[in-house]
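These protein sequence lines map, in sequence, to chains D and V. Numbering follows the numbering used here, in which position 180 of the first sequence is assigned residue number 180; successive positions increment by one, without gaps. One rule links them: number in the numbering used here = place in the second sequence (from 1) + 514.
Calculated from the structure, these hints are not laboratory results. Think of the CB as a built atom: it goes at the ideal place given N, C-alpha and C, for glycine as much as any other residue. Hints should not be assumed to be uniformly reliable.
[Unchecked claim] Short derived list, chain V residues pointing at chain D, Cβ under 10 Å:
1. E528
2. T541
3. L556
4. Q561
5. V570
6. P572
7. V596
8. A601
9. P602
10. E605
[What the hints assert, rightly or not] Derived coverage of chain D by chain V (criterion: at least 3 residues anywhere in the stretch with Cβ under 8 Å from a Cβ of chain V; other residues may be distant):
11. 100 to 110
12. 126 to 138
13. 234 to 242
14. 305 to 317
15. 352 to 364
16. 373 to 386
[Said to hold, decoys possible] With a cut-off of at most 20 Å between alpha-carbon atoms, the simulated DMTMM-like pairs for lysine to aspartate or glutamate come out as follows:
17. K115(D) x D149(D)
18. K115(D) x E45(D)
19. K97(D) x E304(D)
20. K103(D) x D53(D)
21. K97(D) x E354(D)
22. K564(V) x D314(D)
23. K564(V) x E385(D)
24. K103(D) x D336(D)
25. K97(D) x E544(V)
26. K115(D) x D53(D)
27. K97(D) x E367(D)
28. K103(D) x E544(V)
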Amino acid sequence: MRSPAMSSDVTSMNVDELQAALADGATSVDVTRAYLDRIAAADGELGAYLHVDPETALARAAEIDAAGTRGTGLTGIPVALKDVVVTEGVPTTSGSKILEGWKPPYDATVAARLKAAGTVLLGKTNMDEFAMGSSTENSAYRVTRNPWDPERIPGGSSGGSSAAVAGGLAPWAIGTDTGGSIRQPAAVTGLVGHKPTYGSVSRYGLIAFSSSLDQAGPMARTVLDAALLHEAIGGHDPLDSTSIRAPLPVLAEAARRGAEGSLTGLRVGVVRELGGEGHTDGYEDGVLASFREAVARLEAMGAEIREISCPAFDLALAAYYLIAPSEASSNLARFDGVRYGLRVGDDGTRDLDEVMALTREQGFGPEVKRRIILGTYALSSGYYEAYYGQAQKVRTLISRDFSAAFEGVDVLVSPTTPTVAFPIGARVDDPIAMYAADLCTLPASLAGLPAISVPSGLSEGLPVGFQIMAPALADDRCYRVAAALEAALTDERGDRGFLDQLASRAGNPQGSAA
Amino acid sequence: MSTLSRKGQLSRDEVAHLAHLARLAVTDEELDLFAGQLAAVLDAVAQVGKAAVEDVTPTTHAVPMTNVMREDVVRPSLPRDVVLAGAPAAEDGRFRVPRILQEEA
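Excised from the complex, chain V in its bound form (with noise of 0.2 Å):
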């Protein structure tokens, strides 16, 4: 990410890009407050880089598995007007979403 200074360094604007990849409105307030927070926060992982790590291999889950299978059984799907009951709006039997393209309709 071009835009992101030197690591251990987190200012406004990059919290703003953040906030913005991450799909999050934040105020203005809350960039102020993130901003000294989130350096801070950053200062202690950064503790992380003290370890030496030659030759050591990540762990991504503690329980080592790979190609975990299950029987190939079909069950039912949820009901669908179960599914959207719980949906902010729905539409024809759907999700209904706001649109995704910028141009007008």
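Chain D on its own, in the form it takes in the complex (with noise of 0.2 Å):
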């Protein structure tokens, strides 16, 4: 019998397929190969990488292949790296031209405890320079386009990987998330996308943005393969002081249990402040009627639902929008032109203050400047408790209305993103239109708490996300009930996972892959 990844759809398989394929005897270096194709034939137009090496990746499949481990675990699997990753001797960016030729000299965490799993890596993907962005437009190098539709945003910050998965151009990716950044992209691809609980995966190596919100986390097709590649980054990490020491919870057998379909005695609470009563404002009808759906889905499935009312989610954007640039401001001090990138200026006339400020000004784009700009303001004597400590003040208050929901219930639930893909050029010229994307995903993000978005359903033709969010460490129950949603939506439509609507649609870059 031909072996499933000898097939065509290599490139439209779950994870748990391939494994099955790689484990029935097909070989890395076919799996590998089949996403380089459609790189190379999709890449151009859609803009989701930052650096692809084919020859680098298709040795490293090969060395696996040689090895005789395929099929085991997460070996020969290709991946793609957000560019905020640092990877040894490959290129890292970050979005941004001020580190435009860099190769570091060590890898993160996460792409290290990828690397001896056994991965591939396949690429870098395209962001929002330093992760600042809703949409990716703010990268410094392309744009990347929405495999759902060309003209719209594939979200961001963590853009490139949202749509290198939507589009079949990796089976699955790693991206960050401060304020948002891995739930809404996938949210308006069709993915799963999960930010874990604050701490509970390794900082080290990522190149930081808003450190006391920054956190990695999967980006995938389905639930279960979004908790395969958590479990495989997870982790306690003597080498980042803010993680947690604790044991990862399981979450692939969380996936599993949910997938069966029983919620009974699930205590889910609907939070009014995100698109409840009263609070729809620029939320999108379409959203809204799918998120009830869902809703009712889970009752369906023996969930017991309330609403929650949670006051200081209204201030939530205010204070994610004073706490993320000013620890940004301090954060990209670095980029001085000294030590590493850019340095503009250097001609023997100038003293170092001038060609610091030659090099950030070329350096960096229109979002990172008026970043760094709002947040020096916000830390500046005089203004910082009117400001900065406020909104640590209010980062309080929003934990505080977690712990009272989360005495009455085991989840939180809202849509992820007040829309859906908005088109590009919609609001890069207008940054509150911008930061408005977040609303939903920035209270978990501020918390610390883990949430994840998994499709609900479409609207216009377009994905909607739904957002389930639980307690500090208990990712777990983020899987189980997003697994049951799945698969709820997935037997009702009689397919394999919710991106074989995108497959079927004719014209699309993966509906005419060869």
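Assembly of the complex is requested from the two constituent chains, each provided in isolation within its own frame, with the hints serving as guidance.
Structure representation (structure tokens):
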């Protein structure tokens, strides 16, 4: 019998199917080549990657095939990494011109763990510069398009990762989430994206944006795939002093159990402030309709539904856009043109300060500059208490609202984003409109809690995401509930997963795959 | 910072001053653009002032941790040549930087 991985549709397989194919005799070289061919054919238009090195990827795949370990665990499975993850000897830019051409001298823990697990690195994915944005339009390098509609954004800041996975240019990918940068791009491209509990995945080797918020996590075609990838990267790391010394909950098993379909006894809180009564401004009707249907499905599977009010969530956006720029203004001080990256104006006539200012002027894009200036302002003496200090207190209030809610329910749910993918260019000159894309994802970020986005359906032909938030270290609840919803919807459609709807469309990149 | 005006306002000159503090040599066009945009952003983030925060302690970090220790084990550093290979300018095994003092050498 012909191995499934030898057939033409390798790039539309879920990772558990790829694992089975590899165990069944397909080679990692076959699988890797299938993705590299897709990248060569489609990425010129899609713009998902910043760096791809086919020769190195194939050599690595051949090494794994020769070792005879493929088909065990993640061995032989390709993966894409957001370009914020440093990779030894592999160009890493964080989407910025200031790091153009830089080859890091070490691997991030996330990259090292995936390497050790036997995965094959396909390439580095495009992103908003330093992860600041919700559309990937702030990349210094290229536009990334949404595989569902090339005139629309793929979300951000992990938009290269979302476009790559949705378009069949990677079986799964790593993203990072500071205020929603895994969940929002996953939502608008029909993927599953999970932001882990803060501190449960190492930040060592992630180019820092906002250190008290940044977390890396999985972006995948299915809930089970996301759980498998999360298990490979998570857990304590002595190289990250904020890493939690606690075992990772069992996630793939939670996903499998959830897919069995019973949610009897599960208490679900619907957050009023995130699209509920009196809080629907800016939310599309189609998104709210899909959300309500998903809640009804959870109820049909046995969950108890109640509405929960979290009043401090109304201030999450304001608090976030003080805290994140403040931390960023400090973190980005390291880009001084001395130790790595760009240096401008060093002609012997200028002193260090001038060279630094010219380097940063040419090396940073407009959104990064705006946030550095805003953060510098919020941290300045005389304003610190009114802005940064006050935002940190709001952060406490948001955590208190979560704690009170979790006394009565097991998980909280909301739409992931107020709208479906918006057109490229629509919000680029209006920072406030761009920031609104993060409205629903910010509370869990500020409280450091785990949250997942899983597709709940389509609105006007575009994917809608459903967000499930859980208490700290209870990431398994996110996976369980997401898998239950995913299984119910998959059964109803009678396909293998949400992205099959994209593949079956005429004229789209994945549908026309060779 | 005495050169800044009252809260919630951000003039073109103030943006220029902040940019200088952050070592950003912004252009005139950027100053015009950013002053307007940042005024709008500042207006939005000033909403935090609405919260009743009496007796509320600030959260600096979602996971409270203090004095995180690890074993004091000597590990090799990154090789000097590998690190310097990524620098914009190096000389004699060191980072080469522009002059840091104003006076002529």
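Index of numbered hints that the structure contradicts, given in increasing order: 10, 12, 17, 18, 19 and 28
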